[in-house]
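A.B. asks: As a plain string of letters, each chain reads:
Number of protein chains: 2
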Amino acid sequence: MSSTNTYPQDEKSKAKRYAKRVTYDKDAVRNIVDAAPILHVSFNAPPTEDTEPQFPTILPMLGTTADDGHTIYLHGSSAARLLRLGAGQEAELPVCIAATILDGYVLALTPFNHSCNYRSAVVFGYATKVVDADEMMLALKIITDHLVADRWTNSRTPPTKSELTATGILRVQIDTASVKVRNGGPHDDKKDLKDEATTSRVWTGVVPVRQILGEPVANPENKVEQVPASVKSWIEDTNNMRKDHMTESMKE
Amino acid sequence: MSSTNTYPQDEKSKAKRYAKRVTYDKDAVRNIVDAAPILHVSFNAPPTEDTEPQFPTILPMLGTTADDGHTIYLHGSSAARLLRLGAGQEAELPVCIAATILDGYVLALTPFNHSCNYRSAVVFGYATKVVDADEMMLALKIITDHLVADRWTNSRTPPTKSELTATGILRVQIDTASVKVRNGGPHDDKKDLKDEATTSRVWTGVVPVRQILGEPVANPENKVEQVPASVKSWIEDTNNMRKDHMTESMKE
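Order-wise, the sequence lines are chains A and B. Position 134, counted from 1, in the first sequence is what the UniProt record's numbering calls 134; the numbers after and before it change by one each time, with no gaps. Position 28, counted from 1, in the second sequence is what the UniProt record's numbering calls 28; the numbers after and before it change by one each time, with no gaps.
None of these hints come from the bench; they were simulated from the model. Treat the hints with caution; some may be incorrect.
In this list, chains with the same sequence are indistinguishable; a pair is considered to hold if it fits within one copy or across any two.
Within a straight-line C-alpha distance of at most 25 Å, the following computed DSS-like cross-link-like pairs (lysine-lysine) qualify [said to hold, decoys possible]: (1) LYS232 to LYS243; (2) LYS191 to LYS161; (3) LYS194 to LYS223; (4) LYS232 to LYS251; (5) LYS161 to LYS129; (6) LYS129 to LYS26; (7) LYS129 to LYS12; (8) LYS141 to LYS161; (9) LYS223 to LYS191; (10) LYS129 to LYS14; (11) LYS232 to LYS141; (12) LYS251 to LYS190; (13) LYS191 to LYS129; (14) LYS141 to LYS129; (15) LYS223 to LYS14; (16) LYS191 to LYS26; (17) LYS190 to LYS223; (18) LYS26 to LYS251; (19) LYS141 to LYS190; (20) LYS12 to LYS223.
This is chain A alone, in the form it adopts within the complex (with noise of 0.2 Å):
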């Protein structure tokens, strides 16, 4: 597991069960975040004077990886705190970023055997408020577009000096990380699928799951007529390849 393209195991990302579902590929990591159209990002806030114990919190936030394969880049809209933490510390602030996507119910004999179809990236890594100019307009570019597609060259950009003042940018530098998928059917115990009673009475299989983007609905105060070619073509590839793995999911 030495190889660049894994992440090293440590006590933190280790798989603890279903060793055999997890990896620590970095394409497969990169291919989960990016999937995922929310990340939750858990940190701990620092300790106060009272003496409870110490919880952490987590933020949905937005983001996607960099090309350099170690970095994750987070928008700060509803991040303040997170932000403020970052920005204030001199130590950079270690983070927990989980990636997860619902493929499908698995329906078994016995509520037991049930589970879900799933693809699960948890990142570990060390957030810092992006500052420099140049990484702030690139991590804002691409953010944009991973959100929706080709949106900076399709809307007023680039932002101006009071905007990029008041967005905050985090870049998490990724120390480990592990995915762990499951795809396909259920698995009965022996037992359930020889009783006659059971088996003819409850249905087992998949119920796919995936989520769809929906007819777009203009702004009152939109001006363009048609929904344009960009728009329309990120919702058509979106659902796509979200069709296309569901199908996926179901093998085993």
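Please arrange chain B on chain A, whose structure you already have, making use of the hints.
C.D. replies: The following block gives chain B in isolation, referenced to the frame of chain A:
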């Protein structure tokens, strides 16, 4: 805010930004926790000998609220670590649970004013392992029926003793919680709205997002010829509810 229908605000749950989008209403929290297909649970592993800074961990888990309004039950199949911590400690384990549902992409004139419509609940609570047999059975039933409506009676129940032993359930006692919701269209700046070069070429509006359940695919070992009414109506009801919410989220 001392009403019993709201959670107390404290340092960790208090809104830091966009306070008008935030509530502490117990029903609002419950609705979002139970509408989110996956919950993200964050906790701190006990400190080890090495001196690296403390990373919280996030695990994606399945779970649902209990009727008392201050309990969330989490299913532990993928959470061996968390359960070991919860079981081994005298003190309860502080956790943060995030429930997030993406409802739409909000396309504005500028990248800066792009946004997402979403429902987000962030819950802080104390997790302990359920050991009482009656509570375990109740929690398993409500988690199963939450995952797939009426599945408890429509599968082989009750669980066997060895199934119960192999299952882990965490009870999370809610301490504080908050909800943040964004609905409606983009809010562009006056300067951009007056700039015809921009408004004539940049489409603005909302692209709604929802998760759908697809056509059920039977397991090769399945013996029930037709997809049963209980599975069909679960799929239909879920999809209708999500479609209704999508329409709702377009309104300001």
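A.B. asks: Now, for every hint given, state plainly whether the structure supports it.
C.D. replies: Hint check results:
1. Taking the shortest alpha-carbon separations for LYS232 and LYS243, both the intra-copy value of 17 Å and the inter-copy value of 20 Å come in at or below 25 Å.
2. Taking identical chains as interchangeable, the C-alpha atoms of LYS191 and LYS161 lie at most 25 Å apart only when they sit on different chains, with a minimum of 14 Å there against 68 Å within one chain.
3. In the homo-oligomer, the alpha carbons of LYS194 and LYS223 lie at most 25 Å apart only across protomers (11 Å), although the nearest pairing inside one protomer, at 65 Å, exceeds that limit.
4. Proximity of LYS232 to LYS251 under the C-alpha cut-off of 25 Å is restricted to the inter-copy arrangement: shortest distance 22 Å between copies versus 30 Å within a copy.
5. Taking the closest pair of Cα atoms, LYS161 and LYS129 come within 25 Å of each other only inside a single copy of the chain (17 Å); across copies the shortest separation is 52 Å, beyond that limit.
6. With identical chains, the CA atoms of LYS129 and LYS26 are at most 25 Å apart within one copy only, with a shortest distance of 23 Å there and 34 Å across copies.
7. Proximity of LYS129 to LYS12 under the C-alpha cut-off of 25 Å is found in both arrangements, the shortest distances being 24 Å within a copy and 21 Å between copies.
8. In the homo-oligomer, the alpha carbons of LYS141 and LYS161 lie at most 25 Å apart inside one protomer (15 Å), although the nearest pairing across protomers, at 55 Å, exceeds that limit.
9. Proximity of LYS223 to LYS191 under the C-alpha cut-off of 25 Å is restricted to the inter-copy arrangement: shortest distance 15 Å between copies versus 65 Å within a copy.
10. In the homo-oligomer, the alpha carbons of LYS129 and LYS14 lie at most 25 Å apart only across protomers (23 Å), although the nearest pairing inside one protomer, at 28 Å, exceeds that limit.
11. Taking identical chains as interchangeable, the C-alpha atoms of LYS232 and LYS141 lie at most 25 Å apart only when both belong to the same chain, with a minimum of 20 Å there against 43 Å between chains.
12. For the homomeric pair LYS251 and LYS190, the shortest alpha-carbon distance inside one copy (21 Å) is at most 25 Å, but the shortest distance between copies (52 Å) is not.
13. Taking the closest pair of Cα atoms, LYS191 and LYS129 never come within 25 Å of each other, the shortest separation being 56 Å inside a single copy and 29 Å across copies.
14. For a Cα distance limit of 25 Å, the shortest separation of LYS141 from LYS129 inside one copy, 16 Å, qualifies, whereas the shortest one across copies, 45 Å, does not.
15. Taking identical chains as interchangeable, the C-alpha atoms of LYS223 and LYS14 are never at most 25 Å apart, the minima being 53 Å within one chain and 39 Å between chains.
16. For the identical chains of this complex, LYS191 and LYS26 are neighbours neither inside a copy (40 Å) nor across copies (43 Å), given an alpha-carbon limit of 25 Å.
17. Proximity of LYS190 to LYS223 under the C-alpha cut-off of 25 Å is restricted to the inter-copy arrangement: shortest distance 14 Å between copies versus 63 Å within a copy.
18. Taking the shortest Cα distances, LYS26 and LYS251 sit within 25 Å of each other inside one copy (23 Å), while across copies they are farther apart (41 Å).
19. When the C-alpha separation of LYS141 and LYS190 is checked against a cutoff of 25 Å, the pair qualifies only between copies, where the shortest distance is 23 Å, while the shortest distance within a copy is 54 Å.
20. Taking the closest pair of Cα atoms, LYS12 and LYS223 never come within 25 Å of each other, the shortest separation being 51 Å inside a single copy and 43 Å across copies.
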